[in-house]
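Just so you know, we're using the working numbering here: the sequence shown kicks off at 1169 and counts up by one.
It should be emphasised that the hints constitute simulated quantities derived from the structure, not laboratory data.
Hints may be right or wrong, so weigh each one.
[Claimed, not checked] Using 30 Å as the maximum straight-line C-alpha spacing, the simulated DSSO-like pairs for lysine-lysine come out as follows:
id, residue 1, residue 2
1, K1773, K1845
2, K1450, K1344
3, K1744, K1712
4, K1712, K1773
5, K1572, K1626
6, K1872, K1491
7, K1872, K1797
8, K1449, K1257
9, K1845, K1187
10, K1626, K1773
11, K1872, K1744
12, K1313, K1449
13, K1170, K1872
14, K1491, K1844
15, K1187, K1744
16, K1844, K1482
17, K1170, K1491
18, K1482, K1440
19, K1844, K1179
20, K1939, K1844
21, K1740, K1844
22, K1450, K1368
This structure is a prediction, so every number in the text was calculated from the model and none was measured.
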Amino acid sequence: MKFGTFDDNRKEYVINTPKTPYPWINYLGNEQFFGLISNTAGGYTFYRDARMRRLTRYRYNNIPLDTGGRYYYLYDDGDFWTPGWMPVKRDLDFYECRHGLGYTSITGERNGISVNQLAFVPMGHNAEVHRLVVKNTGSAKKTVKLFSFAEFCLWNANDDMTNFQRNLSTGEVEVKDSVIYHKTEYRERRNHYAFYSVNKEIAGFDTDRESFVGMYNGLDAPQAVAAGEATNSVASGWSPIGSHALNITLEPGEEQSFIFVLGYIENPEDEKWESLNVINKKPALAVIEQFATDAQVDAALAVLAAHWDNLLSKYQIQSSDDKLNRMVNIWNPYQCMVTFNMSRSASYFESGIGRGMGFRDSNQDLLGFVHQIPERARERILDIAATQFPDGSAYHQYQPLTKKGNNEVGSGFNDDPLWLISGTAAYIKETGDYSILDEQVPFDSNPDHTATLFEHLKLSFEHVTNNLGPHGLPLIGRADWNDCLNLNCFSTEPGESFQTTENIAGGVAESVFIAGLFVFVGPDYAEICRMRGLDDVAADAVAKIENMSAITLSHGFDGDWFLRAYDHYGDKIGSKENEEGQIFIEPQGMCVMAGIGVENGQAAKALTSVQERLDTDYGIVLQQPPYSKYYLNLGEISTYPPGYKENAGIFCHNNPWIMIAETVLGHGDRAFDIYKKIAPAYLEDISEVHRMEPYVYSQMIAGKDAVRHGEAKNSWLTGTAAWNYVAITQSILGIQADFTGLKVDPCIPAEWDGFEITRVFRGDTYVIQIKNPNHVSKGVASLTLDGAAVEGNVIAPVGDGAVHHVVVELG
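Between the sequences and the hints, there should be enough to build the whole structure, so can you do that?
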């Protein structure tokens, strides 16, 4: 069942009912100011950090779901409604939501009045623009009123929802002309405030929530809207809001636009005040002036569209599969950029309070967007590396506002350091910029203790080799990629965090997954060493990689698949010897991606076992059989009901590892079959089952042991986006950046006739035509560049900034 449709020409998803199976959202913002907005106008805004600088309130786990947003109420002779349906929920004569790239347009119509709400964050501005176009679609003159509404958060989102004894007495605002200023705590240590403006003269305003909504009313029936009159309330403590009231008279067919700007301002300490307790409004007014007319808004929208066109142009496919085209050309790279901006901080499943930016997460996210905007990838790599410790370990998370490590979670996730090598290598392969390796980077964000980025990479590599267990496999620490596999935790207290509980000391619990990851990323580290003339260091690294590969086969293979780990007692996990959790997906994918066991057939056995034991109609589950009880020695993984999350759910993040592994063995048909099972565009027709947005990936789909098999959760902010993009663009379609050039190595379904890729690489544009006359899955028979034959399958950068034509024949 569909709830909308793709508009590929406009790069939009069009939703034709407000009653989607779950709120279907979009993200606004590209740089420092961001907003979440649902198809019914729910959501919130923040500056840089959703925890520390939240502008507007949003209540998670609310009833009804998705209550709270930037709402616009239309009052029409006693009747009132909102164009997005929520929160009033009046029946609409017409409804449509268009989620585009960095903007959302919602249209509602009722009783001869149409209202379009267009929301976006202009490039280069810390503000969200909402343009409301109100049109009389009837045959009689109409006099109506428009009420805006935004509820201000008192900046620190966690404190805002808990510290009521203080917060209900601190709220402060100013109102001047058509602008509402939220200045809570500005009188003391803060130098920032929010503003909410409209470009027309207002008939009234409200800044006190109780005065606008009513003590016993909800947002579905605010008393000021129901009465058709603002109260001109000025908040003093309690709950500050921003609401403008406007009188509108429309002749038949006439329309009027109203431009609202919700923004964030920081003033220098010596320029905080205009006069005693009156804030300096000049910076806010300067922003407001730039969006005072429709022409200015249209120009800003054109800049935003050009920004996204430029980013997406870096990799485009033309094929006979429309669903593949829209995923590769539009929605997957768009989600990769959103995930890069957000990491795992703010979504409809992440509250923006806890996780911040992840060390592992952000390095993996980088893999999916580095080709789009490499300069921001460079900046992010240096930020991430600065949270590393001198022993090579790292904070698992850091706060985006301060860029300092999060002590609440700490370190000890022993796969983390290796991802820094992976992210840095991806950046160098894309850009050829080796100078990043010479950048001085702090340890633990301490500018007095620095080393080059290359030294950080060296410490990352050595952190594994310096922390090996009894079998010579890497120690797992608190956890590896699977944060819920807590082999040293032994938590018995209800409610305590498995990730932050003090672990039992001991060098026994080992991870086969980290071993595979080490062998997978290690060669890139060795190549970087060679590029720096460190041949001895490179040779030593290669020897350690080869040794780890051999150890993984001798101590990490269980006969038909790779083991997952050894626990605190030295017992196997992910083995036939186990009653539950006999086989896990992660080591099968990562070890085969690394080439372990390819030559002797063990890799093929592992992937066959995945297909036979883990595959379902909706994707590959994380492990089987699921855990049916809590295992003290395993931790959080065994706390979930069977089929959900890490306990045998379909974790979409590591499904692409199996896709990539299948391409290593030349199995193009199998790789693409797995791709289609979890790619959202292919799931649109079963949205009533899948429930999440059909244009972006979700982290998890309920596995075959779950009550709701096929139902997804945790959409948008997931490493699934980057890894599926890598799998489809680099391993299946086979166009991948390498240290020496652009490598062409497709592994596709044998029935395909071919396809065309346009790839921007190091300033040149390559139009690559893939031909498959013999209907094979893998193997480059010939390659030409501008008509000249090229030996091998790597295109050396031409470097002239021109368009070049490549023809590849498989065979």
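Evaluation of the provided hints:
| no. | hint | in the structure |
| --- | --- | --- |
| 1 | K1773 to K1845 | 22 Å, holds |
| 2 | K1450 to K1344 | 12 Å, holds |
| 3 | K1744 to K1712 | 29 Å, holds |
| 4 | K1712 to K1773 | 25 Å, holds |
| 5 | K1572 to K1626 | 22 Å, holds |
| 6 | K1872 to K1491 | 25 Å, holds |
| 7 | K1872 to K1797 | 17 Å, holds |
| 8 | K1449 to K1257 | 37 Å, violated |
| 9 | K1845 to K1187 | 25 Å, holds |
| 10 | K1626 to K1773 | 34 Å, violated |
| 11 | K1872 to K1744 | 20 Å, holds |
| 12 | K1313 to K1449 | 28 Å, holds |
| 13 | K1170 to K1872 | 23 Å, holds |
| 14 | K1491 to K1844 | 9 Å, holds |
| 15 | K1187 to K1744 | 46 Å, violated |
| 16 | K1844 to K1482 | 23 Å, holds |
| 17 | K1170 to K1491 | 15 Å, holds |
| 18 | K1482 to K1440 | 43 Å, violated |
| 19 | K1844 to K1179 | 20 Å, holds |
| 20 | K1939 to K1844 | 22 Å, holds |
| 21 | K1740 to K1844 | 33 Å, violated |
| 22 | K1450 to K1368 | 19 Å, holds |
Hints 8, 10, 15, 18 and 21 from the list above are not met by this structure, while the remaining hints are.
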